[in-house]
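A.B. asks: Use these hints to put chain B onto chain A, whose structure you have.
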Amino acid sequence: MPALQLTPWKRLANWLRVLVLLSPVWVSPAAFTAQPDDVQSGSLLLKSSPDAPPAEAMRVQSSFQVQVTGNLARVRVSQQFSNPSDDWVEGLYVFPLSTDAAVDELVMHIGDRVIRGDIRKRDEARAVYEQARSEGRHASLVDQERPNMFTASVANIAPHSAISVEIAYLETIPNRDGRYTLRLPLAITPRYNPSVVNATPERVTGEQQRVNIDVELAPGFPVQSLDSLHHSVVATNDALGKHVRLSSSQVPADRDFELVWAPASVTDVQGAVFAERSGDATYALLMLSPPQQDAQVVEPREVEFIIDTSGSMQGPSIEQARAALQMGIDRLTEKDRFNVIRFSSDASSLFEVPRQVSQTTRALAKDFIAALSADGGTEMRPPLQLAFATAPATGFLRQIVFITDGSVGNETEIVSYIRQKIGNGRLFTVGIGASPNAFFLQEAAAAGRGSYTFIAERDQVQARMQDLFRKIESPALLDLSLQWPGSVTAELASNMPGDLYSGDPLVVLARLPGLPERNQVLTLSGRTHGVAWVHQVPIVSVTDQAGIAKLWARERIATLTRQRNFGGDAAEAQAGIVDLALRHHLVSEFTSLVAVDATPVRPPEADARSEQAPTSAPAGSYWSKTTGFAKTATSAGLELLIGCACLAFAALLFLPLAVSRRVGGR
Amino acid sequence: MRRAICQSWRPRVLAMIVALVIGTVCLVDGCWVYAKALLAQELIGAAWQRSRAGEQDAKPWWWADTRPVAKLVIGRGARELMVLEGASGRNLAFGPVHDAASVLPGRPGNSVIEGHRDTHFRVLRELKPGDPISVELSDGKRFSFVVVDLRVADIRQSRISLGGERPRLTLVTCYPFDAIRAGGPLRYVVTAEQG
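Chains as they are written, first to last, in my numbering: chain A, 1 to 666; chain B, 1 to 195.
This is chain B alone, in the form it adopts within the complex:
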């Protein structure tokens, strides 16, 4: 009797194991994205402190091929984020990235910083016009900006302009914030001007 039951349950146990394995892999992989985002920020923050303290070419971890260029303090909640140089997919996993084609924050022109909507730049959804954003560069210079414009852009029809004679800061993340799939065409664009 027991044997018969066992036999009839075998496919069910098999399915259960498969589901357990897939489920665990997905969960671990998903959590790893968040863990990496948090951990990297800590390490980059430490490297930032070291480089501010005078260490030459302080890298967040020894094989890193990027370096922190700025510290962002966003919104009324004063969320702190370390910004990396170079908008590659790898860098984006570790923190918001500065588009190296654009100027550094505080210089005349548009400085573009992009971040993941589901990790670092989730904070952008809370921003309203008039909110403060401040930027600290590695040489210790600080610039404060004020949010002047929030909009949604379609990447199939637009590009980010880099010109202008006044310093401007543009933060970009994916949109909608709650979409489940990555790779959509919409971006949430926050423009801030020096204030």
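Next comes chain A alone, as it looks inside the complex:
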């Protein structure tokens, strides 16, 4: 009677169903499906409140005038804010620029009149602007929101009229892989929220945003190829080089304009130094593309991989790290030597000393990696001690690749240990996962004269690690140093990397005491393929104000900002930044450009409305300074629910049993 035997299980299923139905508090479907829009408490979503009727949007028309001279670009962005409504409005425009852009000019055009902006401390500039706004005068203000994000505010745009605001900036165009790329940000970022950045903002149509682009290209060499990557352009030859224009003003505003050009002939090393006088000092810009690598003559390497197997690496992090490690070993050649060191609370290594790459050692490494699992604490000193225990074999370049999620307590001690022990080796740090300790990893890489790679997303690991490994396989120039004419000590805007890798350009901005003389050279020296390398680059004096001093100041400000963010003295850094920015007329975190018209235009009785110009989808690259979300829920509630259900079920089963026992007993 199979049917009868199944009965208890059928009943069990029925009871379970009843139980689930009896607990509406816990499994109410509403709790699962609540969407932001039907949240009961209205205060949650005030920011997107629909009670303001959508007024006719303010429009912005942008025009870019670009002059490229050698490696420098001077860009003038002119934005025309037009107000199609019947009210006086204030416009706000958010625009991204590259991180090293030096914004130094603001010009307001009202009819035929031109009003130039002044650089002020941020609060002062804001106060001046707000006063002008309340007094009904035309005014505009350019603020830096983040190093690569600026806002332009324009007050008192009359009904059915327009104000044109021109912002100018300077940037360098380094030679990367033999090509030069000019990038103009057309894709405007989404609305600026305090904390949450929308990754998929609305798109602006061609009708909403019109763009004109005009590029004068004088690269200083015959141009062989010239391409616009995303927009169709018309290029003509002129006396100095090329003249490039957009073929239509109706362009997709959802992606940046990128213009790429390359010289006709590629020399071995491409270096150029430009110098400019400003005040009582000389400012110099060095651009250097390292010599192309010949795979035959690469120095053999001794690579020590250090991998973090502490408990915090548990889950996807350790899997990613294992895959990256395996890739690194696969890429080694039989000339190289290697070792793998794992650490958590303790450290152990694959081999006692690094061994030659061979089929046997590869197989041993594969087994070692497969057996790695994440558990225990994070003690970073023992693995470094193991790595530094033996001197590198003669003729080998020692490279240490340190893969971790970076949670660490004794940062300073570890960094100074690395500095002390690194010798001629190089340490490359790789931070994996959502929140590696970026400060520590950067400092450690700097102490180890290597670089820091940050990998946040799992699907980036393969590509980013491949880039890193390819890079460190072919160091083009090692131990690079500069000798300025007259042996003066230059004040560099930021620390210079010790090594150059194929395809990676070097840009150095320096401030030299005294004024330049004619026909001087900068001597670069280093090591390549194991032999000494010396190269001399003539210093070209630039007579007109090309802006090298401004670029130097911009880079110096970035360095001060980094130092402050990494625990330096905040007040000191701020004073330094304000001083540099005011002296060099630059927009910065603490300084803004403000332009105010002398005469009031808005009658006092007319109210002003504030409006934000429509914005467009961003290129992903601008959003590097964001973080993802962690998993912030446990399954404890679900477990308790299941637990209670099971116990209740057991009780229900027990009840009739007890009753029947009593009946049976009688």
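Since the hints were made in silico from the structure, they are not lab data.
For every residue, glycine included, the Cβ atom is placed at its ideal position computed from N, Cα and C.
Each hint should be verified, as a subset may be incorrect.
[What the hints assert, rightly or not] In the DSS-like style, the derived pairs of lysine-lysine whose C-alpha atoms are separated by at most 30 Å in a straight line are:
id: 1; chain 1: B; residue 1: LYS59; chain 2: A; residue 2: LYS421
id: 2; chain 1: B; residue 1: LYS59; chain 2: B; residue 2: LYS141
id: 3; chain 1: B; residue 1: LYS36; chain 2: B; residue 2: LYS59
id: 4; chain 1: A; residue 1: LYS335; chain 2: A; residue 2: LYS471
id: 5; chain 1: B; residue 1: LYS59; chain 2: A; residue 2: LYS631
id: 6; chain 1: B; residue 1: LYS128; chain 2: A; residue 2: LYS631
id: 7; chain 1: A; residue 1: LYS631; chain 2: B; residue 2: LYS71
id: 8; chain 1: A; residue 1: LYS421; chain 2: A; residue 2: LYS471
id: 9; chain 1: B; residue 1: LYS141; chain 2: B; residue 2: LYS128
id: 10; chain 1: B; residue 1: LYS71; chain 2: B; residue 2: LYS59
id: 11; chain 1: B; residue 1: LYS36; chain 2: B; residue 2: LYS71
id: 12; chain 1: B; residue 1: LYS36; chain 2: A; residue 2: LYS631
id: 13; chain 1: B; residue 1: LYS141; chain 2: B; residue 2: LYS71
id: 14; chain 1: B; residue 1: LYS128; chain 2: B; residue 2: LYS71
id: 15; chain 1: B; residue 1: LYS128; chain 2: B; residue 2: LYS36
id: 16; chain 1: B; residue 1: LYS141; chain 2: A; residue 2: LYS121
id: 17; chain 1: B; residue 1: LYS141; chain 2: B; residue 2: LYS36
id: 18; chain 1: A; residue 1: LYS421; chain 2: A; residue 2: LYS366
[As the list claims (entries may be wrong)] Pair by pair, the computed Cβ-Cβ distance ranges are:
id: 19; chain 1: A; residue 1: VAL353; chain 2: B; residue 2: TRP63; range: 43 to 49 Å
id: 20; chain 1: B; residue 1: SER144; chain 2: A; residue 2: MET327; range: 43 to 49 Å
id: 21; chain 1: A; residue 1: ALA575; chain 2: B; residue 2: TRP63; range: 40 to 46 Å
id: 22; chain 1: B; residue 1: ARG122; chain 2: A; residue 2: LYS366; range: 43 to 49 Å
id: 23; chain 1: B; residue 1: ALA35; chain 2: A; residue 2: VAL353; range: 43 to 49 Å
[Said to hold, decoys possible] Covered stretches of chain A, as calculated for chain B (at least 3 residues, CB under 8 Å):
id: 24; stretch: 306 to 312
id: 25; stretch: 631 to 644
id: 26; stretch: 649 to 658
C.D. replies: Positioned in the frame of chain A, the structure of chain B alone reads:
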């Protein structure tokens, strides 16, 4: 007769035992999550006191690979929470965590702290704009913030921005608060500014 009854009841007893075992395991496991959340906060609080008293590298328990970075005091109810460094799943079980990619509270930029919605950060649902949040760092510095914005974000479409020139504090937890399943795409984001 009794034997017959026993035989017919055997599957029922078996089911009962299975249900008892599963039920107990689930209950213990579920309670353990809450117990761990409470206990860890106590131990971290003690380590915090020790490190404030001058002990170098005070760890909450000897094998811990994280350390408390801040003490949060949230809302009008002044709920105290110890914040750990590093947003790993393991740390989250012990307390709210500071996303190490972001700045420390009180520095220019956005400081991001995340916590479990069903344990430590359940308190976020009671916050309203204007409520105070204060943060104490291990060097004794105190910063006070005021809640300025509450919103729900979808992790498939958004990221947390880390920039800004003023100190900002962002507390994040899962949303909805009463959802039974973990791993949903919504987050409740509380933004506070220095006030």
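A.B. asks: Now look at each hint and say whether the structure bears it out.
C.D. replies: Results for each hint:
1. B:LYS59 x A:LYS421: holds, 28 Å
2. B:LYS59 x B:LYS141: It holds: about 20 Å lies between the C-alpha atoms, which stays within 30 Å.
3. B:LYS36 x B:LYS59: Between LYS36 (chain B) and LYS59 (chain B) the Cα gap is close to 16 Å, so the pair holds against 30 Å.
4. A:LYS335 x A:LYS471: holds, 17 Å
5. B:LYS59 x A:LYS631: holds, 24 Å
6. B:LYS128 x A:LYS631: holds, 23 Å
7. A:LYS631 x B:LYS71: Cα-Cα ~21 Å, so holds.
8. A:LYS421 x A:LYS471: holds, 23 Å
9. B:LYS141 x B:LYS128: Holds - the C-alpha atoms of LYS128 (chain B) and LYS141 (chain B) are around 25 Å apart, at most 30 Å.
10. B:LYS71 x B:LYS59: Given that 30 Å is the threshold and the Cα spacing comes to 15 Å, the pair holds.
11. B:LYS36 x B:LYS71: Holds: LYS36 (chain B) and LYS71 (chain B) sit about 18 Å apart, inside 30 Å.
12. B:LYS36 x A:LYS631: holds, 17 Å
13. B:LYS141 x B:LYS71: holds, 11 Å
14. B:LYS128 x B:LYS71: OK: LYS128 (chain B) and LYS71 (chain B) at ~20 Å, within 30 Å.
15. B:LYS128 x B:LYS36: holds, 28 Å
16. B:LYS141 x A:LYS121: With Cα atoms ~27 Å apart, LYS141 (chain B) and LYS121 (chain A) stay inside 30 Å; holds.
17. B:LYS141 x B:LYS36: Holds, because 28 Å separates the two Cα atoms, which is no more than 30 Å.
18. A:LYS421 x A:LYS366: Status holds; Cα separation ~29 Å.
19. A:VAL353 x B:TRP63: 43 to 49 Å: Once the Cβ atoms are compared, 30 Å apart, the range 43 to 49 Å for TRP63 (chain B) and VAL353 (chain A) is violated.
20. B:SER144 x A:MET327: 43 to 49 Å: The hinted range 43 to 49 Å holds for SER144 (chain B) and MET327 (chain A), with Cβ atoms some 48 Å apart.
21. A:ALA575 x B:TRP63: 40 to 46 Å: holds, 44 Å
22. B:ARG122 x A:LYS366: 43 to 49 Å: holds, 46 Å
23. B:ALA35 x A:VAL353: 43 to 49 Å: Roughly 48 Å apart at Cβ, these two residues keep to the hinted range, so it holds.
24. 306 to 312: holds (count 3)
25. 631 to 644: holds (count 14)
26. 649 to 658: holds (count 6)
Hint violations for this structure: number 19 only, all remaining hints satisfied.
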